[in-house]
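Residue strings, one per chain:
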Amino acid sequence: MGLLTILIFLPLLATLLILALPISVRNSYKYIALAFTLLQFALSAYMYSNFDDSLGGIHNYEGYQYVEQLPWIRLDLGTIGILEIDYFVGIDGVSLPLLVLSTLVMLMGIGASWNIQKSTKGYYALLMLLNMAVMGIFAALDFFLFYVFYEVMLLPLYFLIGIWGGDRREYAAIKFFIYTLLGSVLMLLVIVGLYFSVINPTTGAHSFNMLLMMDPANYIDGSFFGFISNYHELFGVPSRWIGFAVLFFAFAIKVPIVPLHTWLPDAHVEAPTPVSIILAGILLKIGGYGIIRVCYGIFPDIAANSNYWLALIGVISILYGAFNALAQKDLKRMIAYSSVSHMGFVLLGIASLTAEGLSGAMFQMISHGFLSAALFFLVGVLYDRVHDRYIYHFRGLASIMPKYTAYVALAFFASLGLPGFSAFIGEAFVIIGAFNAESMATGVPRWMAIGGSIGILLSAAYFLWTLQRMFFGKIRVKGGQAWQEALTDLSRREQLILFPALALALILGIMPSLVFSKINASVLQLIDLIQPYL
Amino acid sequence: MNELSPISPSVASLLVVLLPFLACVVQALLGRKSISGNISLIAIVSSALLSFFAVFLPVWGNSPMAERITWFTIGQTSFEVGLLLNNLTVLMQLIVCVVAVPVHIYSRYYMKGDSGIHRYWMYLSLFCFAMLGLSISINLLQLYVFWELVGFASYLMIGFWFTRDAAVQANKKAFLINRIGDLGFLIGIALVYSHVGTLDIVALFDQTGRFVQGLTETGGLQVVQKDNTWVTLAGLAFFLGAMAKSAQFPLHVWLPDAMEGPTSVSSLIHAATMVAAGVFLLCTVFPLFNATSLLVITAIGTITALSGAVFALAQYDIKKILAFSTISQLGFMIVGVGIGAWDTALFHLATHAFFKCLLFLAAGAVIHEMAHFKAQTNLDFDPQDIRNMGGLRRYMPKTYVCMSIAALALAGFPLTSGYLSKDSIVVSAYEWASTAGGFYFVIPVTLIIVSLLTAFYIGRLIFKTFFGSFAMQSSVTAHNRPHEAPAGMWWPMSVLSICCFFPVFGLHPLAYHQTWIIQTFHARPGFTEQETAHLIIPIVLTVGTLLALLLGWFWYVKNRYPISQQNRWIRFANRQGYLNEFNELVFIKGTVGLSRLLYAFDRHVVDGATKLFTWTTQQLARLIHWFDANIVDGIVNWIANGTYYMGHLVRQVQNGQLQNYLGFALTIVILGILYLIIK
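So the sequences go chain by chain: A and B.
The opening position of the first sequence corresponds to residue 0 in numbering that gives the first Met the number 0, with each subsequent residue numbered one higher.
The opening position of the second sequence corresponds to residue 0 in numbering that gives the first Met the number 0, with each subsequent residue numbered one higher.
Take these hints with a grain of salt, some might be off.
Claimed, not checked - Capping the alpha-carbon separation at 30 Å, the derived lysine-lysine pairs in DSS-like fashion look like this:
{"id": "1", "chain 1": "B", "residue 1": "Lys32", "chain 2": "A", "residue 2": "Lys402"}
{"id": "2", "chain 1": "A", "residue 1": "Lys120", "chain 2": "A", "residue 2": "Lys29"}
{"id": "3", "chain 1": "A", "residue 1": "Lys473", "chain 2": "A", "residue 2": "Lys402"}
{"id": "4", "chain 1": "A", "residue 1": "Lys117", "chain 2": "A", "residue 2": "Lys29"}
{"id": "5", "chain 1": "A", "residue 1": "Lys473", "chain 2": "B", "residue 2": "Lys397"}
{"id": "6", "chain 1": "A", "residue 1": "Lys328", "chain 2": "A", "residue 2": "Lys473"}
{"id": "7", "chain 1": "B", "residue 1": "Lys588", "chain 2": "A", "residue 2": "Lys477"}
{"id": "8", "chain 1": "A", "residue 1": "Lys328", "chain 2": "A", "residue 2": "Lys477"}
{"id": "9", "chain 1": "B", "residue 1": "Lys111", "chain 2": "B", "residue 2": "Lys397"}
{"id": "10", "chain 1": "B", "residue 1": "Lys610", "chain 2": "B", "residue 2": "Lys397"}
{"id": "11", "chain 1": "B", "residue 1": "Lys373", "chain 2": "B", "residue 2": "Lys557"}
{"id": "12", "chain 1": "A", "residue 1": "Lys402", "chain 2": "A", "residue 2": "Lys29"}
{"id": "13", "chain 1": "B", "residue 1": "Lys111", "chain 2": "B", "residue 2": "Lys373"}
{"id": "14", "chain 1": "A", "residue 1": "Lys473", "chain 2": "B", "residue 2": "Lys373"}
{"id": "15", "chain 1": "A", "residue 1": "Lys328", "chain 2": "B", "residue 2": "Lys610"}
{"id": "16", "chain 1": "A", "residue 1": "Lys328", "chain 2": "A", "residue 2": "Lys117"}
{"id": "17", "chain 1": "B", "residue 1": "Lys610", "chain 2": "A", "residue 2": "Lys473"}
{"id": "18", "chain 1": "A", "residue 1": "Lys402", "chain 2": "A", "residue 2": "Lys477"}
{"id": "19", "chain 1": "B", "residue 1": "Lys588", "chain 2": "A", "residue 2": "Lys473"}
{"id": "20", "chain 1": "A", "residue 1": "Lys328", "chain 2": "B", "residue 2": "Lys588"}
{"id": "21", "chain 1": "B", "residue 1": "Lys32", "chain 2": "B", "residue 2": "Lys111"}
{"id": "22", "chain 1": "B", "residue 1": "Lys588", "chain 2": "B", "residue 2": "Lys557"}
{"id": "23", "chain 1": "A", "residue 1": "Lys402", "chain 2": "B", "residue 2": "Lys111"}
{"id": "24", "chain 1": "A", "residue 1": "Lys328", "chain 2": "A", "residue 2": "Lys402"}
{"id": "25", "chain 1": "A", "residue 1": "Lys117", "chain 2": "A", "residue 2": "Lys477"}
What the hints assert, rightly or not - Here are some chain B residues pointing at chain A (derived, C-beta under 8 Å):
{"id": "26", "residue": "Trp70"}
{"id": "27", "residue": "Ile188"}
{"id": "28", "residue": "His194"}
What the hints assert, rightly or not - Okay, the calculated bits of chain B under chain A, using three or more residues with CB under 8 Å as the criterion:
{"id": "29", "stretch": "72–78"}
{"id": "30", "stretch": "659–665"}
Think of the hints as simulated: they come from the structure by calculation, not from any bench.
We put the CB at the ideal spot given by N, CA and C, even for glycine.
When you get a sec, could you build the whole thing from the sequences and use the hints?
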């Protein structure tokens, strides 16, 4: 059993352990979850340090590391051939940083769950199940396996929001569930279509192997998704375009892009703090990851031709999300919309198809991962104390909670792209990459880069405005004296959770090579894959 | 290598940058335990000494040095950080250090007893770190990093008293307007990067001041064609960055509001150093500008110089007058860059740093004493309003002398440094205009007018503050009266006032060509020198300055003020040309309105579509349910009911009564017979 498999299935072990233990030892559940997640984190850190930077991955089997490939399902279907599904996992520069990020954000999530009282057994069991699914998604290289993990992820999340959430939790949970399911059900159709278009050259059977799907030579001539001599059309649209669009639609819901984003504010507002942290920190990244790995990897020809529209969607998301964040009066909703805006940078960077833009997008995903986690955690701190997060109900918090204010200010400035913090590197290189796209003739015009940069300005506006309204000025809180007493400064546990996230933002801002060195080979490989179709 | 310093200039300059950073970190860790400011003071003094002896002396006038290390690699491109030590950067670093030292000493007394003083020292050291790092950056991206950090430090300082609403409004405004400039800077970087492929300042601009684009095939340097549109755009983008940081019209609006910060901070950040960073940037990337962008720069600089001076005329807040004066003087520097004589801009930057810093420190001393007096007498008045002052020279003679020296330097009085540097810009502008001819004379003429206005408004400030009779005279008693500032405050001021005289910059009192700054840089702008201009313009300026001061004397000291306070023009200047109101109405209300509109759109249209989809699905489900209940199940029920009804009908026959059975049988028989008959 390889390291990657251990990393994926450790949380499942935790789930089983938690389920098996009697309710009388319910105080141990969180420690079990913490121990397993810590182990995962150590494991991912080990994998990070032993990662070979020179290997690219993407569509190249030899470029993947920690690879495990075992036959999983073999079924003779008579005339159709043999059904061939593998347990096939491996990581490259695109997935490694996201795996490390996921283990870290999971740790933060466990830390934020420390005070959960409501049916802890189910809670931690589901959280660990979610953990497993997420790891699986980032590691799976067999499309069927990927899909299984993708669907497994939905289930715990539905219950985590629907049971442990706020007042309108059922509404938010079902909205989130249906939205994601809508994307993934359509994705299944494309997976099947791809399956029947691709032949494994060694066995001669159809295959779900993603790497095989990335090689034009493996497609059957004239098949539905075939690369060459493909005349299939659906409603007058070439079939490969359909395949790309459907997959993009599925992942775009996750990112989320405008206008498929409305599940996000509702889910965030209703979700408990730890789930918000995981939702923003990890699950949104699955969208970006899916676009790079699946849409761009399997449909490089369409990627090269659709990037104008993707970049346009990215810019719209940036600006639309930022303007909406500016209009919010609920702190958590504001941060949710700021996520929409920041994830727009990811899409813009990916669509620029330049090394700078793609690296910037990857970096932005990592940076937004723990920064949004920190932001949602900070909202949770306030909500824990007074069960309110309406911006206008607070004023002059800096005088009541100086440490908290310092952390909030740092997190806000880090998020608005202050140099020295990671978000700056991500956003600046997305902008530079988008600018460079015109010189590289990838089809993204410069005005989009300028549009994106206005998003940077707006992010400063909504963060600073919030800072001014809630934290500065004379003390005036809605709950009066009772609130002032309830609003205690950060506890040691809370600082222990926040400090690593902000420290990491600072470290990555000063030493971006920690990420760039790992992803560079993969980014170049991806560009090589798409370049011929430009 | 200079024998004075045992360490190399690169290491020394790195130390100069890192010492304040270290001080910032230590101060942050110590928090309230350290309020003396000694850590920051020791750091900045060491930086200043190192900067002068180990960096400035070895490098000044010699060939530049550069050190780089790779920061990170993206694709095939490596991004580097490093130090660039040439005349420009070491001069900038030295100015920052030398101005920062007296401000640090002054702050120890000015900020004494403030409850947040530990934060003050932390922010001050952070600012010094960022500003010193900015001055020696070798890479435009690195420069941008420090550029924003400087803005961040300024944000923290403006909002230092965060319980004051005005202060936190002001720091938000400052940061956001600077952000607009930062976007320009970033776009400029992106343009240069995508066309030239590097951001290294040494690689971009060669020693002779050309903008180069790598090597040609023959191995020579390939000079960028400057008439390309993108070069113009990049030039304007960089200028946008400089406009925000150096408070150029119309992005100057943040600077007057920034006066909400402590006065010691205003003197260092918002007068002497940070606001000059824009000018420094323009000098750094000067080879990039083509004729079009230079003309825009000149025009904006002139407008700024004029509008700043006009607005300064009608302010009552002592710090706001100085803030507008800073804006106006920055306009001069920008004009210097725009006409190609960037050495004069840099010279003015250097002299201005000293006398404007001193003006602010002296104003701070006045405010300090006025606030003290206010606290003693329990009166309610604004300690920064010059209408509440007057006659203070009797109480604060040392401050009065220091401030007057700085005011004379600002007004460009002979023998002061301001005379040399301001003349250098005005004379160069005149020469530039006479080369270009015609309409371009607007620029030097405006600058001359602005110089006279400068003399007038600074005269007004001095006269209203120190001359005449004290406005609060009735409250003055033997115990309660304004005092001279403490020694720790006026010592730094007197050191700075020495720096306002010409010998610091050159031995000849009247010829700016012989100052060491101009001689070393010696930019070669494309216009011819005119001997007459060098003679006539200084005379015009000096006589005009004297007349303006005389007029001020009559108006403000002799109380022969002829204009009504309600004059429309005075109100216009006092309200800063209603620019803030305009911005509030158009940009802020517009943005907030748009954001509300988009949120309504999001809720009702985008989320509405989701809801509509849900509703449609539900209605469809209901319809199908109805169909299922009424049609599909209806048919089943209809058949069942029909069968039942039939049975119900037929069962009547089987009622067990013999008569009925016989009757039925008879009927059937009769019907049978009838059938047979008819057939």
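Structure-based check of each hint:
no., hint, verdict
1, B:Lys32 / A:Lys402, "16 Å, holds"
2, A:Lys120 / A:Lys29, "9 Å, holds"
3, A:Lys473 / A:Lys402, "17 Å, holds"
4, A:Lys117 / A:Lys29, "13 Å, holds"
5, A:Lys473 / B:Lys397, "38 Å, violated"
6, A:Lys328 / A:Lys473, "19 Å, holds"
7, B:Lys588 / A:Lys477, "26 Å, holds"
8, A:Lys328 / A:Lys477, "14 Å, holds"
9, B:Lys111 / B:Lys397, "21 Å, holds"
10, B:Lys610 / B:Lys397, "74 Å, violated"
11, B:Lys373 / B:Lys557, "27 Å, holds"
12, A:Lys402 / A:Lys29, "27 Å, holds"
13, B:Lys111 / B:Lys373, "17 Å, holds"
14, A:Lys473 / B:Lys373, "23 Å, holds"
15, A:Lys328 / B:Lys610, "22 Å, holds"
16, A:Lys328 / A:Lys117, "29 Å, holds"
17, B:Lys610 / A:Lys473, "42 Å, violated"
18, A:Lys402 / A:Lys477, "21 Å, holds"
19, B:Lys588 / A:Lys473, "24 Å, holds"
20, A:Lys328 / B:Lys588, "17 Å, holds"
21, B:Lys32 / B:Lys111, "15 Å, holds"
22, B:Lys588 / B:Lys557, "46 Å, violated"
23, A:Lys402 / B:Lys111, "23 Å, holds"
24, A:Lys328 / A:Lys402, "23 Å, holds"
25, A:Lys117 / A:Lys477, "28 Å, holds"
26, Trp70, "7 Å, holds"
27, Ile188, "7 Å, holds"
28, His194, "7 Å, holds"
29, 72–78, "holds (count 5)"
30, 659–665, "violated (count 0)"
Hint check: violations occur at hints 5, 10, 17, 22, 30; the rest are consistent with the structure.
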